[in-house]
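Engineer: This is what each chain is made of:
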Amino acid sequence: MNRIRVVSSGLLTTVQDLGRFGWAHFGVSASGAADALALRAGNLLVGNAENAAALEMTLAGGEFEFESPAVIALTGSDFGAGLPLWSAVEVKAGETVRCGPTRSGARCYLAVRGGLATPRAMGSASVHVATGVGGRQLRKGDVLPIGEGAVRKPRAGQEAPPAGERAGVLRVTRSAQADWFGDELYRSAYTVTEESDRMGLRLRGDAVPSPAGHMLTEGVPLGAIQAPPDGQPIILFVEHQTTGGYPKPACVISADFWRLGQLRPRDELRFERLEMERAMELLREQEKWLQGLV
Amino acid sequence: MTLRPVSDRSLLVSFGDEISPEAHREVVRLTRGLAGAPGILNLHPAFASVLIDFDPRLGDHAAVAAQVRERLDAPAESGAVERRVVEIPVRFGGDAGPDLDAVARNAGLAPERVVERFCAARFEVSFVGFATCFPYLSGLPPELATPRLGAPRKRVPEGSVAIGGRQAGVYPLASPGGWRLIGRTPLALFDRHGEPPPLLRMDDRVIFVPEGRR
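Residue numbers (this note's numbering), protein chains in the order written: chain Y, 97 to 390; chain H, 15 to 228.
Hint data in this document are derived by calculation from the structure and do not stem from the laboratory. All the given hints hold, so there is nothing to weed out.
Only part of the chain H face toward chain Y is listed, based on derived beta-carbon distances under 8 angstroms:
(1) SER21
(2) ASP31
(3) ALA60
(4) ASP74
(5) GLY143
(6) CYS147
(7) GLU209
All values reported here derive from a predicted model rather than from experimental measurement. The beta carbon of each residue, even a glycine, is placed where N, CA and C say it ideally should be.
Isolated chain Y (complex conformation) (with noise of 0.2 angstroms):
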């Protein structure tokens, strides 16, 4: 089996597909790549099915060593490889894939024709970094085999990268207790913090009041922004927990969530109201935008 040997590892870099799907009722969150249209798009342009599993470096890539010809796609964020972006490339036996620094967002993906063929937990290769679930962050030495998973031929030449990368707005539809609140999360912008992860991302921005109504603990969907009593938002990342208890004005729309993956500490963003149906669109056209590169 073709393999892949981590010279160095990168700040956060773990295995990730699309997660891991009906375990809820078990506590355990979906995980999964948390910029999913980057790892899809790079999935379909070295020929694998869209939910192959691949590398996910977070703010500063590692190096890469492959033992044989391969064919990789870098999506995302520019990390420094100096290789074209959103296209597949070949690399030869014994080439390093040099990854540094972030230049852009703060996620930037690796897929490898035939995707990785890592351990899978619960029908899922990706790596819920706060529990251990689907293993752990890489570390050097670590060796990769790449799977025979490819479906189609690579795609030829380059893509372009999905429109409006760190524009700053995040759009979002009402959410459970959206009636408890007033306008005050549109008002002003928020900086996302450093205690960001996975889990959830934590601004920092004018307070939303949270209200002392009364609500049980219920079942959080993935992009819901919590208002705690502190007014200062969170929102619900890819290993967020299944259910919670603070109130919900809004939940980012499905066509965003990627730019949530992108979202670096310190950068700022504005929150745009729109209605279901709009969401909805969206989504459609970004969907369309992707199975263009099949």
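Chain Y is fixed; fit chain H onto it per the hints.
Structural biologist: Then chain H, alone, in the frame of chain Y:
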């Protein structure tokens, strides 16, 4: 029952806003009824609600709402489903349960009496949620209810048996937590290399037994 879209890929089904046996029965029925249904990615049961995550490429809120109504309109299964009873050995107090004395003071009872009443109670898993395999247990004797800590601990050890307000729970993994720790079990509630179902599942009955007295 109310149905509310809470994101562009989820629907929240609520059975009132109080914890009750009736709401629990509906939550169990809907969660079991929808398990594995096409287009549905995840079910998040809670005290009186079920959040349904669906694949927005395959369906929308109206289609999922129709599936919910169909499941709830179906007659309840005839004959009682046999409920599992799980016994959990616990070492109470000391290092294993640093908050046992605080719970005892709050209840105006000796720590030994707290342990007796806790072990005499018949708990039920309301749902599994929040963190991986964390069981929310109802059935805590009212006099043992204790407010959560003002500031959560940074690290609660794996297996800690705890009281949070009127609920009890067991921490399957070391994690931050604000519940009052009264003991610890050596049983694994979760196997990170295996597949759930975990030791405790929604609707199980649970009995705690002092370690060494099984």
